[in-house]
Amino acid sequence: MKIGVLALQGAVAEHMRSLERAGAEAVAVKRTDQLDELHGIVIPGGESTTIGKLMRKYGFMNAIRDFAAQGKPVFGTCAGLIVLADKIDGQEEAHLALMNMTVARNAFGRQRESFETELDVKGLDAPLRAVFIRAPLIKEVGDGVDVLSTHNGEIVTARQGHLLACSYHPELTDDYALHAYFLSMAKDVVGTN
Amino acid sequence: MAIETGTTTVKRGMAEMQKGGVIMDVMNVEQAKIAEAAGAVAVMALERVPSEIRAAGGVARMVDPTMVEEVMKVVSIPVMAKTRIGHYVEAKVLESLGVDYIDESEVLTPADDVFHIDKHEFTVPFVCGAKDLGEALRRIQEGASMLRTKGEPGTGNIVEAVRHMRLITGQIRKVQGMSKDELFNEAKVLGVPYDLLLEIHQSGKLPVVNFAAGGVATPSDAALMMHLGADGVFVGSGIFKSDSPEKFAKAIVEATTHFDDYKLIAEVSKNLGTPMKGIEISKLVGSDRMQDRSL
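Sequence order for the protein chains is B and D. Each residue of the first sequence is one higher than the one before, starting from 1 at the first, in my numbering. Each residue of the second sequence is one higher than the one before, starting from 194 at the first, in my numbering.
Just so you know, not all the hints are guaranteed correct.
Unchecked claim - Beta-carbon label-pair distances, calculated as ranges: (1) D:V267 - B:A69: 30 to 38 Å; (2) B:Q91 - D:V282: 51 to 59 Å; (3) D:E375 - B:G191: 47 to 55 Å; (4) D:T316 - B:E93: 41 to 49 Å; (5) D:D257 - B:D143: 44 to 52 Å; (6) D:D454 - B:E25: 42 to 50 Å; (7) D:D257 - B:E92: 30 to 38 Å; (8) D:T467 - B:K2: 41 to 49 Å.
Don't read these hints as lab results, they were simulated from the structure. All C-beta atoms, glycine included, are put in the ideal place defined by N, C-alpha and C.
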């Protein structure tokens, strides 16, 4: 199973390490022509404004929309979640706008308010160590979106069919359970085709 | 469930999110907006960029808190600020303002010529400069969550940043190949804790992100530092002391992302105008050499 990590800016190596531990072949993706050979793609954490600008500049907006339209799974973490959402609180323009949800950026505050905690995630066997860094959260989900976990009542993990998003950093710990979960989503797609 | 703030993972993780990006020095709100629009991953709020500090002379201190607050209001990307080396109170003041990262920086005039700040007790993470592996590991031991080369700030001359990056990566390779008895001695020679050195020996890399800084003036400079193994780039005077800051800022961001795509770097380097005026390093003597301000 070949999974790409969008490598324009952010925590690319960490996602690749977690994907490999979960049994995938991980590829750093810098050009749109690399998408063809992939079974899924991760949009990593980083600065969403920077990643969004570079995605536009290099044609990734349409390329990843096409990729998702083929039913191939996309996983966005932190900044990646913002990139996936179809509404960003206080901003006119969304990025990929693939997932039916409204997100708020820097929703927990500045860096000094960043934290880690244990999280129960639907579909995972054990609680997940979740690292929130200037993290966004999901304020509202629309039709077709499943809430997989909440923290203090706020939505922090969600799935819409073959699209997965979380507001924290599963790639910063040794626990690769959520990456394995994403990998199984990609396997399901390959299995049904 | 219970939450923990200011943990090592949270502090180092923040720097991981900056990787592959460009952090830009800004002196006012307008420049901060230009930096964000160009795709900077963070801005460093300061009163003067290093080349101006050099020209002005005198004592360079922490920026006016008003300026930090104004910048935090207008941009949504992280805001960093500099404290003088060893100036615990400046750092506490910056933390209280809510800055996202503190640079304990040799660009400002040191407040303590022996001791650095104990950075472990802060919730906000710190970045520090280093010119060799010894300095890098001492800063990590003191609690730095991110490193950068010192280079020679405000010169627009990349040679010192290159020297520091090459030295650190070379020293890491050397440590990787050492036997245990050699490691004991190397810890003594470098003046660093054995445990940290052992970690480098085993992993072959620094436990924190290491950016390039001090002399980056062109897109090619930024790409060169990435080629040499930097995780990202700080640009101080290079943007707002150039002819066309918007163009330079955008071009440096793109060259950093695609540091091994030379056609692209050629493309973004066209018609940029004049970069900042540079200084030949050998013209700097004594206290003009900012990199020698701490060990």
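Results for each hint:
One distance hint, 30 to 38 Å for the beta-carbon pair V267 of chain D and A69 of chain B, holds here, with the actual separation near 37 Å. Checking the proposed 51 to 59 Å range against Q91 of chain B and V282 of chain D shows it is violated: the Cβ atoms sit about 37 Å from each other. Here the CB-CB span from E375 of chain D to G191 of chain B is close to 53 Å, well matched to the stated 47 to 55 Å. At roughly 33 Å, the beta carbons of T316 of chain D and E93 of chain B sit outside the given window of 41 to 49 Å.
The given range of 44 to 52 Å is respected by D257 of chain D and D143 of chain B, whose C-beta atoms sit roughly 50 Å from each other. The supplied range of 42 to 50 Å is broken by D454 of chain D and E25 of chain B, whose beta-carbon atoms lie about 23 Å from each other. Against the hinted window of 30 to 38 Å, the Cβ-Cβ separation of D257 of chain D and E92 of chain B comes to about 32 Å, which satisfies the hint. In this structure the supplied range 41 to 49 Å holds for T467 of chain D paired with K2 of chain B, their Cβ-Cβ distance being about 46 Å.
Violation of the numbered hints given earlier is confined to hints 2, 4 and 6; the remaining hints are satisfied by the structure.
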